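Visitor: Residue strings, one per chain:
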Amino acid sequence: MTWVQLAMDLAGVFFFAMSGSLLAARRRFDIVGSLMLGTCVGLGGGILRDLVIGQGVPNAFASPVYLLPPVLATVLVYRFAASEHRYAGALTVFDAAGMALFCISGTQIALEAGLNPVAAAILGLISAVGGGVIRDVVANEDPQLFHPRGLYAIAALLGAGLTSAAESIGWMNAGTGLGIAVLVFALRMVSLRYRWEIPLAARRPRERDRAATAG
Amino acid sequence: MTWVQLAMDLAGVFFFAMSGSLLAARRRFDIVGSLMLGTCVGLGGGILRDLVIGQGVPNAFASPVYLLPPVLATVLVYRFAASEHRYAGALTVFDAAGMALFCISGTQIALEAGLNPVAAAILGLISAVGGGVIRDVVANEDPQLFHPRGLYAIAALLGAGLTSAAESIGWMNAGTGLGIAVLVFALRMVSLRYRWEIPLAARRPRERDRAATAG
Amino acid sequence: MTWVQLAMDLAGVFFFAMSGSLLAARRRFDIVGSLMLGTCVGLGGGILRDLVIGQGVPNAFASPVYLLPPVLATVLVYRFAASEHRYAGALTVFDAAGMALFCISGTQIALEAGLNPVAAAILGLISAVGGGVIRDVVANEDPQLFHPRGLYAIAALLGAGLTSAAESIGWMNAGTGLGIAVLVFALRMVSLRYRWEIPLAARRPRERDRAATAG
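Chains as they are written, first to last, in UniProt numbering: chain A, 1 to 215; chain B, 1 to 215; chain C, 1 to 215.
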């Protein structure tokens, strides 16, 4: 793993840990709960990825440096998180930033482990959304992965797919990576801002028929 | 893995993916959420099984063909799922069908990986119920595995045990497999239809004593 | 694994299985659900630990003897659990006892697998709290790990850290292990009894400012 990849991975852990600690603050957990939840959200997606790849002990356990971002996030939330009504917004921004970084680093790590490009992109997606699902299940909310406002899985899958493609054709470098991350982040935030909607899981023609008849 | 096993495994993935997509439709998730949830439910039990077996990358990632059943299920639910009150019934039928197939294929895969017959049957059970637990936890409902109507874990465990026994004594073939699958499916559906009840986890003698005294 | 370690591990499985079966009784699950939930809670933390260590099939599957404690717990709860209002108290005691044993045995197993002392302590923590998180997520409650009354993660982390330190400097023996287990159990129970409180995840200065102004 290069220094750039490590820095990107640690930054992603930090962003997700912030989203976990902010949730802990919103739910009035204590500071230890904040550290535990931040750690689970920050490291969960990557551990899941490394378990699937199956090449020995996950990064997060092999290198203790991965424990620092959750500690930093807990301290920052304790020190600066002030008004409750801003938690939800900040949580969404940190979640989008973590997703934008992890869909890239997750895909790269999977490719380096020898997975085929399709599987690598799926693993990038899992890295990018795994921590958030843990956070949402703990919060007893419908996970954003399944029930998002705006684009969520699509943005992460696009980033993972572009990374996989760029690596395959040899176009991946720091600039490409930055471009993909900005694209994923922007797509997520814009889709939230303008409330883009995706069709529902079921068309439910009969209800519409009934409505048409009633109308 | 033989063609029969692969076909059975893919059919099981499809049935579980249908149950996930039907839940997504009932909860009014969007079509991407339906695909994500169907994929998690369809592939979750098998990935869990493969992680425990620990022989490299799980099947679902090694062969992209495993991604097709969830896509098909999402399309079918989008196109045909019409009236909400029938979702619950259809979900139960697809779940039972997936369970009937996975308790067999999961046990066989575990035996081929060299596990002892008891552990293989337990892994067959995990394959058969793992995806459903993910679905129910996401839905914030008590998982059927722990709080079923009718027989659930017992039916899956019976199927896994029979498979393990049949493989051990060399009686396993397509006919035996079909017989076990039909038995498990029928047991699940009949126990639901006739509301078979299993004793509660605690006898609670004092409450009964009190009731007897009061009566 | 020595006989002492195996006995300690099985006792930990039994205590966690009791907490799972007691929850099943409280939620009026049936007796099969009690067995399933007890098994998941008793074995979940250890399986998670073994998956991370990544040395072949988890203990719980390799040795069928690990299935006995959950069966025993299910029978005991069915036979003796009587009055509902005592379930919560008993559940907490069994959970604390399981945690006290697993933070030691989990750390030792991770050290034997060659992990560094910090990672081993984290894995001891995961062993000690993993089963309980599964139990609480199934119960749709905020997991104790994130939102405890009293000390929870801190007690487990202290026990895991002391075990890791004692092993590293060669002071680990049956007496040391017993001492650590008693310390962790006592810390958990005393913190509950006297309602020790840890600062919240966020200081929320503005609310306090407002309160000060209002006062």
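These are calculated hints, taken from the structure and not from any lab test.
In this text, all values refer to a predicted model and were calculated from it rather than measured experimentally.
Wrong hints could be hidden among the right ones.
[Said to hold, decoys possible] Residues from chain B that face chain A, not an exhaustive set, calculated with beta carbons under 7 Å: (1) Leu6; (2) Ala7; (3) Leu10; (4) Arg28; (5) Val32; (6) Met36; (7) Leu37.
Note that beta-carbon positions come from the ideal geometry of N, C-alpha and C, so glycine has one too.
Visitor: Work down the list of hints and note, for each, if the structure agrees.
Guide: Comparing the hints with the structure gives:
no., hint, in the structure
1, Leu6, "violated, 17 Å"
2, Ala7, "violated, 21 Å"
3, Leu10, "violated, 16 Å"
4, Arg28, "holds, 6 Å"
5, Val32, "holds, 5 Å"
6, Met36, "holds, 5 Å"
7, Leu37, "holds, 5 Å"
Of the numbered hints listed earlier, those contradicted by the structure are 1, 2, 3.
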